[in-house]
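A.B. asks: Sequence:
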Amino acid sequence: MTKGENVTLKHRSPEVLNPHSVNTKVYGDQDDLDESFLSSIREQGVLEPIVIDTEETIISGHRRVAAASKVGLGEVPVRIEEFDSELKKREALVHHNRQREKTFSQKMREAEMLEEIERERAQERQGKRTDLVENQSRGNGADSEYGKTRDKVSEEVGIGSGRTYDKAKQVWEAAQNGDTVAQHEVERIDNGKQSIHGAFNQVKRRLDNNRGETQSEDESESSDSDSEDETLNPDELVLSAHVGTNDKIFPEVIDLHVDDGAAVADATYGNGTFWKRVPSGKYDLRATDINPAKSPDSDEGIDCCDLPYENGELDCIVLDPPYAEGFYDSDRSNDDESTYWIKNRYADAADGELTYHEAVLHLYCEAGREAHRVLGDGGKLIVKVQDEVSRNEQRLTHIEITNYYEDKVGFTAEDLFVVVRSDTPVSPNIKRQRRARKNHSYFLVFKKCENGGSSTDLVA
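Each residue of the sequence shown is one higher than the last, beginning at -19 in the numbering used here.
Below, a list of computed lysine-lysine pairs in the BS3-like style, where the Cα atoms sit at most 30 Å apart: (1) Lys69 with Lys82; (2) Lys5 with Lys184; (3) Lys5 with Lys82; (4) Lys173 with Lys132; (5) Lys5 with Lys132; (6) Lys256 with Lys184.
Label pairs and their calculated CB-CB ranges: (7) Gly224 with Glu55: 43 to 49 Å; (8) Ala221 with Arg80: 29 to 35 Å; (9) Glu100 with Ser407: 39 to 45 Å; (10) Cys429 with Leu18: 55 to 61 Å; (11) Glu96 with Gly224: 22 to 28 Å; (12) Gln366 with Glu153: 40 to 46 Å.
These aren't lab readings, by the way, just hints derived from the structure by calculation.
Built from N, CA and C at the ideal position, the CB exists for glycine as well.
Using the sequences and the accompanying hints, generate a full structural model.
C.D. replies: Below you can see the structure in the form of structure tokens.
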């Protein structure tokens, strides 16, 4: 067990501290020290203690130690931790590196180590070897074990969903096996010039072509047919209900419904929470918000009901406006900056004639109509929404806007995802409960009908 609590800081010469072999193998960048980093260490010293084990092997802080040695520091602060096994040392090393900036190659080497750790953990639990095998050769029990490992590893290294990790793994393994196209794609991902999904498509096309060269024409056609009809593994299926946060669930939603490279506008970008786990470069993203400070792709605040795009220009719109009626109260006396921007632009909906839930619904309807205008035929609208109780009346917002979009705008409902909070909602000043407290919300997916029209009718 790690015993890092209540330890006294000590000091060591950087020359006596030993790098951990796993760090060198996985990250390999303790000698890649830029001048700004060296200057910081030279002027301020090492501020964050180096984590070492009882044998003075570095667990966390390899680059800081290397920098300290290079600039001639006599000593660095250290925190000594005890570990029961080498396995726990490796786990701690990965944990301490979790927040650092990493290249794709570093993430994949880290993922390989994590899979190895998970195999050893399984062996400890079951008392025998339980090697994880690839999809095509594993049975039902191994399927479940692999699915759990895959999802855990993909989250730990920050690659995205388990499905994205599967694609990354195929690209990475092809590169390690000497495929020059895969090696080139890995380099492009490392340099931020390619997405995992784009690289996967390039590598898959090459591998498929190579396989085709060794097959007869009949065999190739049969293989293509079999591939199209191949049964999905249960662990790979995207489910409709999730316990978790928006940043974990949104990548599954958009990956299922929107093609790689699609032109996507997030018209209510906010803090960019939805996109934290979506691989950079996977989509042609236009990120805007009503608040200029939260609108990366526009110097001005962009109204989701008045988008700066041509008719039919986009493949997907993402919409997450405030769905609590309190945001639409005209009283702006105690608002913070973010709330001010919402109220200043949206509170007086329909010339101030609409209040409470009707104001919420009006914004969804107007934004949906504008999304319909800028989407091409078959384009997708992804909407985040939550039902509410307004003036002691239950309002099923997700049903109301679905009916409006289908009946009045020209969308068809494609999918629904239920998002359940993993924590308990704050419920102050409730003296008597009359209805269940909401701890879930929805991602709704709509598709623009071909040549679908829209009505000028608004919610009254």
